[in-house]
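Student: If you read the sequences in order, they're chains Z and C. Residues 1 to 109, numbered by the numbering used here, are exactly what the first sequence covers, in order. Residues 1001 to 1110, numbered by the numbering used here, are exactly what the second sequence covers, in order.
It is possible that part of the hints are untrue.
The calculated lysine-lysine pairs, modelled on BS3-like cross-linking and capped at a C-alpha distance of 30 Å, are [to be verified]:
hint	chain 1	residue 1	chain 2	residue 2
1	C	1057	C	1044
2	C	1009	C	1057
3	C	1057	C	1014
4	C	1044	Z	42
5	Z	67	C	1044
6	C	1057	Z	42
7	C	1057	Z	67
8	Z	56	Z	67
9	Z	56	C	1044
10	Z	42	Z	56
11	C	1044	C	1009
12	C	1014	C	1044
13	Z	42	C	1009
14	Z	42	C	1014
Which stretches of chain Z does chain C cover? Using the computed rule of at least three CB atoms under 8 Å from a CB of chain C, they are [unchecked claim]:
hint	segment
15	41–50
16	92–99
No lab work stands behind these hints: they were computed from the structure. None of the values given here were measured: they were computed from a predicted structure. The beta carbon of each residue, even a glycine, is placed where N, CA and C say it ideally should be.
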Amino acid sequence: QKEVEQNSGPLSVPEGAIASLNCTYSDRGSQSFFWYRQYSGKSPELIMFIYSNGDKEDGRFTAQLNKASQYVSLLIRDSQPSDSATYLCAGPGGNQFYFGTGTSLTVIP
Amino acid sequence: NAGVTQTPKFRILKIGQSMTLQCAQDMNHNYMYWYRQDPGMGLKLIYYSVGAGITDKGEVPNGYNVSRSTTEDFPLRLELAAPSQTSVYFCASGEGDEQFFGPGTRLTVL
Chain Z
1 QKEVEQNSGP
11 LSVPEGAIAS
21 LNCTYSDRGS
31 QSFFWYRQYS
41 GKSPELIMFI
51 YSNGDKEDGR
61 FTAQLNKASQ
71 YVSLLIRDSQ
81 PSDSATYLCA
91 GPGGNQFYFG
101 TGTSLTVIP
Chain C
1001 NAGVTQTPKF
1011 RILKIGQSMT
1021 LQCAQDMNHN
1031 YMYWYRQDPG
1041 MGLKLIYYSV
1051 GAGITDKGEV
1061 PNGYNVSRST
1071 TEDFPLRLEL
1081 AAPSQTSVYF
1091 CASGEGDEQF
1101 FGPGTRLTVL
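Okay, chain Z solo, but in the shape it has when bound (with noise of 0.2 Å):
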């Protein structure tokens, strides 16, 4: 069964630094990552994906892929308030997607 985990959380970071969030996936065919957000009580929302090794960047958000390690992360630069929230990556496989278990995110002011 494809799986995609999320081991790392809850995760506190104060405003302004760096936060980091990592996710290992089990399908080494998979070729594209997905990182949702989702605040408390709403339905999640794409921010970021990556369909190719290396970096993406956008805006404050980058996304990282490393296939050879089956591993995605999602970096979020000068973090804010606002950023406080669940962070859900996702692997699609055949036309299901797979999510995982998410990692709770808290910037303190």
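Based on the hints, put chain C in the right spot on chain Z.
Tutor: Below, chain C alone, put in the same frame as chain Z:
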């Protein structure tokens, strides 16, 4: 565009009752999904559809049924509610890899 809409927002069921969770999207997406999210957990796929008339099981389909008669609508049916089905249910739609989620239905089975 309303995006993905779900009704109801909240529902309490008694054990053995049945209900249908409604989901509609106005983005003309072929792919639609039903997930459940238990407290502190990620999303588990219940059923998905790749187009009108085509549905398939996800990770946790037992106790649920779906239909997809139109591109817009993807209702989820619970036939005999059980306490284990207490959860938040999210419907999503998408094309390619991105999924857009509805606001969710919080279901409690007592």
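Student: In ascending order, which of the hints set out earlier in this document are inconsistent with the structure?
Tutor: none
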